[in-house]
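Enquirer: Chain by chain, the residues:
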Amino acid sequence: MYRKSMVLILIAAAAVLASGCASLGVKPWQRDVLARADMQLDSEPLTHAIDDHMYFSKEASSGGRGFAGGGCGCN
Amino acid sequence: MQLKPKVSVGADASRMRAKVARRRLIAASCALLGATAARSQDATKSAADSMSDEWAFDSALAYYHESGRVKAIEPIVNLSKTYGDGRTFSGQVVFDSLSGSSPNGALTSTKVQTFASPSGKSLSAAPTTYTTSSGQLVSESAPIYTINPGQLPVDPSYHDQRLSMSGNWGLPISRLTTTQVGGKLSYEHDFVSVSANAGVSRDFNQKNTTLSFQLNDEFDRLSPIGGAPVAASDYALFQKGGGKTKDGVGAMLGLTQVMNRRWLTEFNLSVDRFKGYLNDPYKIISVIDPSGNTTGYLYERRPGTRTRKVAYWENKAAWGRLVLDGSLRYMADSWHVRSDTAEFSARWWNFDRDRYIEPTVRWYRQTAANFYTPWLDSGGSKYIDYASADSRLAAFHAYTVGLKYGAKIEDSEDQSSSEFNVRVEYYQQTLDHRTPGPGSLQGLDLYPGLKAILVQVGYKF
Amino acid sequence: MVPATNSAPDPALRLEERGADLLAVCFSSMASSCELLLPAADRDAALELGAMAAGEARRIEAKFSRYRDDSAVADIHRSRGSAAGIELDPETASLLDFARECFELSDGLFDITSGVLRGAWKFDGSDRVPAPAAVAALLPLVGFDKLRWQSPRLWLPAGMELDFGGIGKEYAVDRAFQLVAAVREAPFLVNFGGDLRANRPTPRGPWQVGIERPGSERQAAMVLELERGALTTSGDARRFLLKDGVRYGHILDPRSGWPVRAAPRSVTVAASTCTEAGLLSTLAMLQGAGAEAFLEGQGVMHWLLR
Chain A
1 MYRKSMVLIL
11 IAAAAVLASG
21 CASLGVKPWQ
31 RDVLARADMQ
41 LDSEPLTHAI
51 DDHMYFSKEA
61 SSGGRGFAGG
71 GCGCN
Chain B
1 MQLKPKVSVG
11 ADASRMRAKV
21 ARRRLIAASC
31 ALLGATAARS
41 QDATKSAADS
51 MSDEWAFDSA
61 LAYYHESGRV
71 KAIEPIVNLS
81 KTYGDGRTFS
91 GQVVFDSLSG
101 SSPNGALTST
111 KVQTFASPSG
121 KSLSAAPTTY
131 TTSSGQLVSE
141 SAPIYTINPG
151 QLPVDPSYHD
161 QRLSMSGNWG
171 LPISRLTTTQ
181 VGGKLSYEHD
191 FVSVSANAGV
201 SRDFNQKNTT
211 LSFQLNDEFD
221 RLSPIGGAPV
231 AASDYALFQK
241 GGGKTKDGVG
251 AMLGLTQVMN
261 RRWLTEFNLS
271 VDRFKGYLND
281 PYKIISVIDP
291 SGNTTGYLYE
301 RRPGTRTRKV
311 AYWENKAAWG
321 RLVLDGSLRY
331 MADSWHVRSD
341 TAEFSARWWN
351 FDRDRYIEPT
361 VRWYRQTAAN
371 FYTPWLDSGG
381 SKYIDYASAD
391 SRLAAFHAYT
401 VGLKYGAKIE
411 DSEDQSSSEF
421 NVRVEYYQQT
431 LDHRTPGPGS
441 LQGLDLYPGL
451 KAILVQVGYK
461 F
Chain C
1 MVPATNSAPD
11 PALRLEERGA
21 DLLAVCFSSM
31 ASSCELLLPA
41 ADRDAALELG
51 AMAAGEARRI
61 EAKFSRYRDD
71 SAVADIHRSR
81 GSAAGIELDP
91 ETASLLDFAR
101 ECFELSDGLF
111 DITSGVLRGA
121 WKFDGSDRVP
131 APAAVAALLP
141 LVGFDKLRWQ
151 SPRLWLPAGM
161 ELDFGGIGKE
171 YAVDRAFQLV
181 AAVREAPFLV
191 NFGGDLRANR
201 PTPRGPWQVG
211 IERPGSERQA
221 AMVLELERGA
231 LTTSGDARRF
241 LLKDGVRYGH
251 ILDPRSGWPV
261 RAAPRSVTVA
271 ASTCTEAGLL
281 STLAMLQGAG
291 AEAFLEGQGV
301 MHWLLR
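Residue numbers (our numbering), protein chains in the order written: chain A, 1 to 75; chain B, 1 to 461; chain C, 1 to 306.
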């Protein structure tokens, strides 16, 4: 049951790669939407930092978006 | 030939003259443009001003409150800058102050339980001994605290302060390749962590595909108050040593792909491995006899290594005034914890795009570590392999609901724009596999879970 | 892409859509096609900003034109040879200060009094190379060191001419840039006939600037990426004389009165301001065969076509 989601993520990744990265994407002049501040993957670094710290100290998992580590000594 | 070499001179000297001449030229240009701009009625910025890049400032203050337990205040500041040549710098300073009650790992009982608090500050005095109501010997100058029947044992005097600083530099080495180095230092009175990371990323396919690889190295030193307990030792015997260390290395492979004009996807695969003292020095485990009486406590003992693998997939898409962000994460570690996380947020802008609301939902579940146990049986083997009653290693599921509101403030005076935002989040953990306690413990709620609220205000410009 | 044109409040302004989400306000000034490029702007705002840039370009053109009777330059020329000289307004005075600084820095290579040489040279693609004597006759009227300049008063000897053409367009770009920058924080680019300046990268990345190969119009010889700052290009494009197989480019050395030998076909320089970049690219042209060495010595980013 828990294996399933890992497989799902990997299949999605493979699908993107297999469909050929070259056929995906946009021309440089089509980046108007993607260039917006709220479309950046790290658009909210502080919100992420606060959430990550909270979850890091309350759950057994951390990381994914980047490296977790460095947090409190409680876990 | 240089700008003003009247006589033929050596290469070094002429190069220096060229530099001096260039500086005079820049000064002359600025004088020309600056001077006339100042005279002009409506021009406000001189050429020299518009040449300098500006710092982006992002700050937030978070207040976290667990019902009946800890409260934390966390101010955090982020400064970042992109230089004209593409270099980037980002630095973050976080301070947090935590106080309140923290579960010590012991099980709720039908009797009064007494513990010594390791987290009090007045611990340098000579050790004294107490004989507690349950007949145990506690040897420490620590204040003692008692827990009433039916209550979850929490250390009421838990407090901690953390100061953490990090910096990251991005250095483009070609049009498509960027290297990145960073470091982080985190300091608490009983814990110091130092880490460094380095990475490289490369763009392909007209910058629609980015591959990145990062390495991280971390070193932590724990110096718990009163020393780090010997793992799996009897709480009453108070066997404590000095400080302990742990260290970790991690690697992450990332793929970012622009799918179309309004959809961006990211995959990250990461592995990390920690080794050393991985116990929580403040967590104990109740030893219970078949009739439900607590016969003692042991310090927890976790394996000396932990390897984690994480797969992460995030999608971001914009549709009109809506920005959708969804992510899935899967984690598996060598302690047999498996977890799934799904997070989704939708930011909805108003027509003028200067206000937004953003609801967030997050769902999380994990399986228990293979050495998690809510208690130890008194009849069991005296020599335990690994055991922890830390609920963070138990099987549980959790959800978060949140709402964020943001407003942009345009300053017509100096053409700057800033954003103010408020966020409220509610987090709840519910333990799974709620094995009933033996004997008298049968009717008690041994798995109280966790409820917390987070309020955050932020300001950035 | 078919440019969508719009009727503007200023009929001389033309609004064009260039690709998705890029507006260009185009107008003519200083014998060049000029434009203000605005990504992610609405049409009304674009026209308003365009009118600002165009107004500034035309103001500077009118003030420093050699061809108009009512220009500041015409006033100066009328005062030639008089004992009282002429008192200059602050803007003209600062341009003259700048011209003097450039003259001194370049050891006489850059000279705004060199315009009189046009009396001998007509770069019309023909083979009419002037007689050496005709050129020599004009040289006494060339040289910034021959005029007397005590700000704000100028005494220009009879027969001499001032020509701000060598810095006017670059100066106009910087002035228009400053006016627009004062009211727009979002990215924009001011381009007056190939001399351009941008305040920041577009949302889609750096500005892509095509540099034409001289002689092959509309065919970009190279594409440069510009994040912010200025780019200017000096070239001898289509203005030259050809006689006995020798090409005489239109870049004249004010000290000899003759075209600079082995001048590059075009020099493009990047700097913080257009004024600075323009001067560096002009000076590089004047170095002839030494253009590369000169630009290396200045430590500026440059692109050269020969």
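Treat the hints as calculated values from the structure; they're not laboratory data. We put the beta carbon where it would ideally sit given N, CA and C, even for glycine. Careful: at least some of the hints might be erroneous.
[Said to hold, decoys possible] Under 10 Å between C-beta atoms, here's a sample of chain C residues computed to sit facing chain B: (1) Ser94; (2) Leu105; (3) Pro157; (4) Gly159; (5) Glu161; (6) Asp163; (7) Ile167; (8) Tyr171; (9) Asp174; (10) Phe177; (11) Glu227; (12) Thr275; (13) Gly299; (14) His302.
Enquirer: Evaluate each hint against the coordinates.
Expert: Against the structure, the hints:
1. Of the supplied interface hints, the one on Ser94 (chain C) holds, with its beta-carbon coming within about 5 Å of a beta-carbon of chain B, less than 10 Å.
2. Among the interface hints, the one on Leu105 (chain C) holds; its C-beta lies about 5 Å from the nearest C-beta in chain B, closer than the 10 Å criterion.
3. Because the beta carbon of Pro157 (chain C) sits about 24 Å from the nearest beta carbon in chain B, more than 10 Å, this interface hint is broken.
4. Restraint check, Gly159 (chain C) versus chain B: the minimum CB separation of about 27 Å is more than 10 Å; hint violated.
5. For the restraint placing Glu161 (chain C) at the interface with chain B, the shortest Cβ-Cβ distance is roughly 21 Å, beyond the 10 Å limit, so the hint is violated.
6. Taking 10 Å as the C-beta contact cut-off toward chain B, the hint placing Asp163 (chain C) at the interface is violated, the least distance being around 17 Å.
7. Evaluation of the Ile167 (chain C) hint against chain B yields a held restraint, the C-beta minimum of about 9 Å falling below 10 Å.
8. Below 10 Å, beta-carbon pairs count as interface contacts, and Tyr171 (chain C) has one with chain B at about 7 Å; its hint therefore holds.
9. Look at Asp174 (chain C): its Cβ gets to within about 5 Å of chain B, closer than 10 Å, so that hint holds up.
10. Using the Cβ-Cβ criterion of 10 Å, the hint placing Phe177 (chain C) at the interface with chain B is satisfied: the shortest such distance is roughly 8 Å.
11. For the restraint placing Glu227 (chain C) at the interface with chain B, the shortest Cβ-Cβ distance is roughly 6 Å, inside the 10 Å limit, so the hint holds.
12. Hint status for Thr275 (chain C) relative to chain B: holds, with the closest Cβ pair at about 4 Å, below 10 Å.
13. Residue-level restraint check for Gly299 (chain C) holds (minimum Cβ-Cβ distance to chain B is 7 Å; threshold 10 Å).
14. With its C-beta approaching chain B no nearer than about 13 Å, His302 (chain C) sits outside the 10 Å limit, and its interface hint is violated.
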